[in-house]
Amino acid sequence: MEITKLSAIELRNEILKRNLSCYEVAKAFIDNIKKYESYNAVLEIFDDALQNAKVMDKKIAEGFNGKLAGVPVIIKDNILYQDKICSCGSNFLKNYKAEYNSTVVKKLIDEGAIILGRANMDEFAMGSSTENSAFGITHNPIAFDRVPGGSSGGSACAVALDMCPISLGTETGGSVRQPASYCGIYGLKPTYGRISRYGVVAFASSLDQVGIFSKTIEDNALMLEVLAGYDENDETSAKVKVDDYTNLDDAIKTKIGVPVEILNMTKGLECEKNFANFIEFLKKLNLEVVPVSIKNIELALATYYILAPAEATSNLARFDGVKYTSRSETAKTLQEIYKQSRSQGFGKEVKRRIMLGNYVLSSGYYDAYYNKAKAVQGLLIEQCDEAFKKCDVLVMPTTLGEAYKIGSKPSDPVETYKEDVFTVTANIVGCPSLSIPFGKGKSGLPLGIQLFGKKFDEKTIYSLAKLIQNNMN
Amino acid sequence: MDLKEIQHLAELSKLEFSKEELESFALDFASLVNLADNIKNADIKSKRVLNALDLKDLREDEVKESLPSKIILKNAPVAKKDSFVVPRVVE
Numbered sequence: 001m002e003i004t005k006l007s008a009i010e011l012r013n014e015i016l017k018r019n020l021s022c023y024e025v026a027k028a029f030i031d032n033i034k035k036y037e038s039y040n041a042v043l044e045i046f047d048d049a050l051q052n053a054k055v056m057d058k059k060i061a062e063g064f065n066g067k068l069a070g071v072p073v074i075i076k077d078n079i080l081y082q083d084k085i086c087s088c089g090s091n092f093l094k095n096y097k098a099e100y101n102s103t104v105v106k107k108l109i110d111e112g113a114i115i116l117g118r119a120n121m122d123e124f125a126m127g128s129s130t131e132n133s134a135f136g137i138t139h140n141p142i143a144f145d146r147v148p149g150g151s152s153g154g155s156a157c158a159v160a161l162d163m164c165p166i167s168l169g170t171e172t173g174g175s176v177r178q179p180a181s182y183c184g185i186y187g188l189k190p191t192y193g194r195i196s197r198y199g200v201v202a203f204a205s206s207l208d209q210v211g212i213f214s215k216t217i218e219d220n221a222l223m224l225e226v227l228a229g230y231d232e233n234d235e236t237s238a239k240v241k242v243d244d245y246t247n248l249d250d251a252i253k254t255k256i257g258v259p260v261e262i263l264n265m266t267k268g269l270e271c272e273k274n275f276a277n278f279i280e281f282l283k284k285l286n287l288e289v290v291p292v293s294i295k296n297i298e299l300a301l302a303t304y305y306i307l308a309p310a311e312a313t314s315n316l317a318r319f320d321g322v323k324y325t326s327r328s329e330t331a332k333t334l335q336e337i338y339k340q341s342r343s344q345g346f347g348k349e350v351k352r353r354i355m356l357g358n359y360v361l362s363s364g365y366y367d368a369y370y371n372k373a374k375a376v377q378g379l380l381i382e383q384c385d386e387a388f389k390k391c392d393v394l395v396m397p398t399t400l401g402e403a404y405k406i407g408s409k410p411s412d413p414v415e416t417y418k419e420d421v422f423t424v425t426a427n428i429v430g431c432p433s434l435s436i437p438f439g440k441g442k443s444g445l446p447l448g449i450q451l452f453g454k455k456f457d458e459k460t461i462y463s464l465a466k467l468i469q470n471n472m473n
Numbered sequence: 001m002d003l004k005e006i007q008h009l010a011e012l013s014k015l016e017f018s019k020e021e022l023e024s025f026a027l028d029f030a031s032l033v034n035l036a037d038n039i040k041n042a043d044i045k046s047k048r049v050l051n052a053l054d055l056k057d058l059r060e061d062e063v064k065e066s067l068p069s070k071i072i073l074k075n076a077p078v079a080k081k082d083s084f085v086v087p088r089v090v091e
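Those sequence lines, one after another, are chains A and B. If you count by the numbering used here, then the first sequence holds residues 1 to 473, one letter each, in order. If you count by the numbering used here, then the second sequence holds residues 1 to 91, one letter each, in order.
Source of the hints: derived by calculation from the structure; they are not laboratory data. C-beta atoms are modelled at their ideal positions from N, C-alpha and C, and glycine is treated no differently. Just so you know, not all the hints are guaranteed correct.
As the list claims (entries may be wrong) - Over the 12 Å line for every Cβ pair with chain B, so calculated as not near, a few chain A residues:
(1) Val55
(2) Gly268
(3) Leu287
(4) Val289
(5) Lys459
Claimed, not checked - Think about it this way: if two alpha-carbon atoms lie no more than 30 Å apart in a straight line, the pair counts; the simulated BS3-like pairs of lysine-lysine are:
(6) Lys332/A with Lys80/B
(7) Lys97/A with Lys70/B
(8) Lys454/A with Lys267/A
(9) Lys74/B with Lys332/A
(10) Lys267/A with Lys255/A
(11) Lys323/A with Lys64/B
(12) Lys348/A with Lys70/B
(13) Lys323/A with Lys40/B
(14) Lys106/A with Lys70/B
(15) Lys418/A with Lys273/A
(16) Lys97/A with Lys80/B
(17) Lys454/A with Lys80/B
(18) Lys273/A with Lys255/A
(19) Lys295/A with Lys40/B
(20) Lys374/A with Lys4/B
Generate coordinates for the entire structure from the input sequences, incorporating the hints supplied.
Here is the structure:
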C-alpha cells in the first residue's frame, strides 16, 4: 500500500485498525515534502511533527479515535499555530512566532491531526499566483514552469504532490478555488461565518474565510465537519447548525442555475468550451439546468478591488514597527519607524493594495468608490437570492483557462486581477463555492468548475460534487 | 493621477518610495483607478447597504482573561517591563 496515495479517510481507518502507525504515515508524507522541495510549496516542516505523531500513536493505543486521528495536514502560512513562525509570506513577519493557536488549529489538534508544516503563499494573501511570496515562487505540481495559482498556492501544490491528503488555505477573493483549479484538486470556500477566523491573519475581514483543499470530496467534507461552527472568539462566525457533511446523498436531484451573464463573460476564453461541456455533462446526468440572471456580476471584480483593499489598508495598519517583530534599523523617530519598517518589510503588491485602499477611502473619493461598492454588494446579494429561488446550485468556471507560465503576466497589475473575475462574487455575497476538477485546457492542464451554493448549504454542493465525481470515469 | 497625489497617498499609507518607485506606481494607479471606475456604471436606485453577514446577533461584551502581556511582548522589536518601547514623541 502506498501511504501517500491514500485519502484522509482511508489513512484514519488504517491507523485505527493498527495497519499503519501515525509515525510511519507522517514520515511518508514528510519524505514527499523533501522529495519535492524544489516546488517550494512548504516553507517549514515543523520539527515536532514526528514527535506529535508518536504521541498520537500512544493516544490511539489508549482508545482515542478523533475524526482526523493521525491524518497529516499542512496549513497556510497565515494561520496561527502556537510558538511556530507565521510569516504570511512576508519579510515583515519572517521572525514572528504565533502567541496562541487559531481556532482551526485547535480543532485540528483536538481531532488528532498531525500538522506537518506551513505552506507558501502570496504575501498577506494578496495575489493569484504565489509569485508574490517573499520566500520564492511555488511551482505548479503538474507543469513546473507554470504557477500553482494563489494566494494559497503552497497548500494546493502540497495536496496535489501527495505531501498531505488535506491542507488548509484561506480565501478573500478566490485564493483557494483558483489554485485548486490550476492544480487539479478540490477547493472549498465555505459560507462566510461557517469557520472561525480567530487566529487567521486578516486581509479583508468581511470577505476572508478559511478554505479546504483535498483530492476527494469525502475528505473535504470531513474537514469542514471538523472546522465548522460558532466560536465565541469570532463574532462573525455563525450560530448555524453544522450539517453532517460526511453523510452525502449523491442521488439528490439538484436543480442547476447557469447565470446568463457568465455565458457572455466566457466568450472567447479558454474556459468557454469546457463550461459548455460541463453543462452537457450535467444534462446527461438528468439534472435540470435552468438559466438565471445575476445582472451586475460583471461589476463584481471592480467591487472586490475596492472593498478588499479598503479593508486591507486598515488591517495592515497594525504592522507598524512597534508590535510585530520588524523594526527598521535606520529609523530614529516614531514616524520613521512606521514608514521605514513598512517600506522595508512589505513587497510591491502589498504596498500597491494599501495605497489603493487609502485612495478609495480618502476624502473626496469615499462616496464614489467605497460606498458605491457597498451598494453594488447589496445588489449582488439580492440578485443571488433571487437566482436561488429558481435553482439549488449555480455553476460557473473557476478560472479563465489553465495555469499560466511563471512570469508571463504583463506588468499591469489589473491583468493579473482579472484572473479573479469568476471567483470574487462568492466572497462578496458570502455564499459557499467549491471548485471541482473538470476538463483540460489546451496544454492538457486541469480546469475547474465552481459549484456555488446557498448560504450554509455546503451539503448540497458536496452531494452534487460526489455525483459528478462518481460519474466522471 | 499626478505624483503629488501619489505622494499624499504614500503619506496616508505610512510608506516611503523613491522617485522611480513613485513614477512606477503612478502608471499602475492609472490602470487600478480605471478598474475601480467601472463601479460608476452601476445603476444604483436604492442606497440600501447589505453585508454578507447579519451583525444584529452579537453577544454582550464581557470582561474575560486575555493573553498575558509577557507573551505578547515576546514579538515586540523593543520592549521594557510591560510596555512596547518607541522613541520619545513629546518634548
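Cross-check of the supplied hints:
no., hint, result
1, Val55, "holds, 24 Å"
2, Gly268, "holds, 19 Å"
3, Leu287, "holds, 28 Å"
4, Val289, "holds, 27 Å"
5, Lys459, "holds, 20 Å"
6, Lys332/A with Lys80/B, "holds, 18 Å"
7, Lys97/A with Lys70/B, "holds, 14 Å"
8, Lys454/A with Lys267/A, "holds, 26 Å"
9, Lys74/B with Lys332/A, "holds, 22 Å"
10, Lys267/A with Lys255/A, "holds, 24 Å"
11, Lys323/A with Lys64/B, "holds, 22 Å"
12, Lys348/A with Lys70/B, "violated, 33 Å"
13, Lys323/A with Lys40/B, "violated, 39 Å"
14, Lys106/A with Lys70/B, "holds, 22 Å"
15, Lys418/A with Lys273/A, "holds, 19 Å"
16, Lys97/A with Lys80/B, "holds, 19 Å"
17, Lys454/A with Lys80/B, "violated, 51 Å"
18, Lys273/A with Lys255/A, "holds, 22 Å"
19, Lys295/A with Lys40/B, "holds, 15 Å"
20, Lys374/A with Lys4/B, "holds, 28 Å"
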